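**Q** Which chain is which? The protein sequence lines are D and S, in order. Quick note on numbering: the first sequence equals residues 0 to 415 in numbering that gives the first Met the number 0. Quick note on numbering: the second sequence equals residues 0 to 116 in numbering that gives the first Met the number 0.
Source of the hints: derived by calculation from the structure; they are not laboratory data. A couple of the hints might just be wrong.
[Stated by the list, open to error] Below are the SDA-like pairs computed for lysine to any residue, each with C-alpha atoms no more than 25 Å apart in a straight line:
1. Lys93(S) with Ala49(D)
2. Lys50(S) with Arg65(D)
3. Lys71(S) with Glu15(S)
4. Lys164(D) with Gln21(S)
5. Lys50(S) with Glu45(D)
6. Lys50(S) with Leu72(D)
These numbers were taken from a predicted model, which means no experiment stands behind them.
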Amino acid sequence: MKPATNQLVEHFFRHESANLVAVLTRAFGIRRINLVEDMVQVAMLEAMHAWKQRGVPENPAAWIHRVAKNRILDYLRREKTYEKAITLSGQSIDEQESIVDQWLEEEQLPDSLLRMIFVCCHPSLERKTQIALTLKTLCGFGISEIARGLLLPNETVKKRIQRAKNSLAESNVRIELPSADQLTQRLDVVHDVLYLMFNEGYSTSHGTEPIRDDICEEAARLCYLLCESPFSAPTTKALLALLLFHAARFDARTDEAGTIILLEDQDRSKWDHRLICAAQSWLAKSKSDQPTTFHLEAAIAMQHCIAPSVEETNWDTIVILYSRLLQLRESPIYTLNRAIAVGQAGHTREAMAQLQSLQNHEEMKHYLLLDCALARMYELDGNTAKAIDSYLIALPKAVAPHEKEVLEKKLRKLTE
Amino acid sequence: MPKYMFVYRGGHEDMEHSSPEQMQQVMQMWMDWIQGGVEAGWMVDGGDALKPGGAIVNSDLSITDGPFAESKELVGGYSMVEAPDLAAAIEIAKGSPMPKSGGTVEVRELPNLGKQE
Chain D
0 MKPATNQLVE
10 HFFRHESANL
20 VAVLTRAFGI
30 RRINLVEDMV
40 QVAMLEAMHA
50 WKQRGVPENP
60 AAWIHRVAKN
70 RILDYLRREK
80 TYEKAITLSG
90 QSIDEQESIV
100 DQWLEEEQLP
110 DSLLRMIFVC
120 CHPSLERKTQ
130 IALTLKTLCG
140 FGISEIARGL
150 LLPNETVKKR
160 IQRAKNSLAE
170 SNVRIELPSA
180 DQLTQRLDVV
190 HDVLYLMFNE
200 GYSTSHGTEP
210 IRDDICEEAA
220 RLCYLLCESP
230 FSAPTTKALL
240 ALLLFHAARF
250 DARTDEAGTI
260 ILLEDQDRSK
270 WDHRLICAAQ
280 SWLAKSKSDQ
290 PTTFHLEAAI
300 AMQHCIAPSV
310 EETNWDTIVI
320 LYSRLLQLRE
330 SPIYTLNRAI
340 AVGQAGHTRE
350 AMAQLQSLQN
360 HEEMKHYLLL
370 DCALARMYEL
380 DGNTAKAIDS
390 YLIALPKAVA
400 PHEKEVLEKK
410 LRKLTE
Chain S
0 MPKYMFVYRG
10 GHEDMEHSSP
20 EQMQQVMQMW
30 MDWIQGGVEA
40 GWMVDGGDAL
50 KPGGAIVNSD
60 LSITDGPFAE
70 SKELVGGYSM
80 VEAPDLAAAI
90 EIAKGSPMPK
100 SGGTVEVREL
110 PNLGKQE
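Given only the sequences and the hints, what does the whole structure look like? Please build it.
**A** This is the structure in structure tokens:
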């Protein structure tokens with residue numbers, strides 16, 4: 000075996016393990032998912048040992064697929080449960096094996112992955128569980144990676160995922176695509192899971208672990224997979240556009256030390272214009288008579304992405320888009336963002352009144368960004384003393400160290 | 000220049016619970032180290048890994064099944080390097096991914112067969 004290369008594509012192991020879990024669980028049933036995962040893990044370890052000194056074989060994916068498939072078949076033969084285990088009934092063992100091989104072929108892989116997306120986002124599971132299970136099963140993350148990414152203890156993640164698997168196994172959920180009459184409903188759940196998953200990775204209150212970027216990337220990857228399938232709806236495309244608009248601003252969000260840089264201070268030349276273009280094209284394809292929150296949020300994100308600066312941003316359009324969002328769904332966060340846009344559009348007094356009325360809102364009492372928004376309005380209004388006061392009120396509400404840093408930096412700038 | 004065999008023992012004990020990404024990182028570390036040695040000239044042969052199974056043929060021709068040792072003492076692989084002396088070979092071994100993985104490197108010189116230096 001002559002080593003073809005010393006480099007594998009990024010996240011090769013992660014994605015191959017997800018591909019294998021999807022295909023083999025489809026073949027052997029949800030009840031065997033733990034066995035499948037164990038055998039896939041064994042295959043991954045074997046690959047690592049075999050390749051680390053000799054280099055990667057010419058077709059590394061086929062190598063791993065073969066080993067994983069053989070490990071699980073060996074196991075089932077040993078247990079003499081082979082015939083019962085396989086869900087493809089009425090066919091000879093050879094035929095069954097060749098079906099698994101076909102499912103593992105590149106062009107057929109998306110089919111198994113899509114089925115698995117709908118299983119991980121099964122409506123019988125809680126939202127948090129759906130996210131953890133998706134990260135484990137479809138993204139090939141390890142427990143400790145998920146725990147770090149979601150800021151949870153390892154044990155919690157482990158239990159959550161095991162509970163999910165048990166519950167899916169108990170109801171013997173089939174690894175299949177939803178029927179036509181259920182598709183819209185099931186798709187909505189998947190959209191929500193991908194959106195929340197991305198937010199988990201993107202949220203600035205969670206620090207700057209590199210794994211968080213990976214979570215965002217994975218949410219976008221799965222959304223793309225869905226968009227390219229016959230099951231995608233205009234909403235799916237709007238969601239992908241939204242995720243890509245956000246992802247385009249990743250590298251400009253933090254400095255070398257990992258400190259958060261606010262939108263107004265970001266170097267816009269660092270925004271990924273390739274991603275912005277891709278997002279715009281998905282948004283164009285997402286046209287629908289009934290725009291969803293994803294459509295509107297994507298349109299807002301686009302306004303930011305195409306503006307040369309904060310001042311030159313089309314804030315009037317953003318205000319309109321937030322008003323339409325509020326018609327679709329009441330949310331103090333939308334109200335907050337709308338007020339900021341109103342202020343940025345030049346109506347700072349009006350914005351302040353709206354923000355102040357939000358302060359009575361129970362959900363917003365401890366919301367750091369509300370005080371920050373108010374501070375920003377005083378700043379725009381030229382009232383430095385009041386701005387400093389508001390930032391000082393915000394300061395004790397900051398939980399993560401980098402949030403405190405951003406506020407302290409702001410305060411230093413204002414008191415200079 | 001003298002040749003040395005690096006015999007790798009143990010390491011990777013905790014890899015069973017590693018994530019796929021971590022496995023890929025460990026593998027990449029090895030590949031980069033071997034590649035670097037080949038380019039610098041001291042890596043004669045990256046060698047290979049040894050699978051954990053197998054058997055021992057004893058002097059009375061009886062057979063003992065593997066595994067033969069605790070996993071941390073198990074020989075997991077070997078490489079061949081070239082270095083001016085033992086001290087230099089030891090320095091190379093220190094730079095290998097093995098110590099970082101919790102394993103050991105045994106550095107053994109090969110006899111120089113008849114060649115005068």
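**Q** In ascending order, which of the hints set out earlier in this document are inconsistent with the structure?
**A** none
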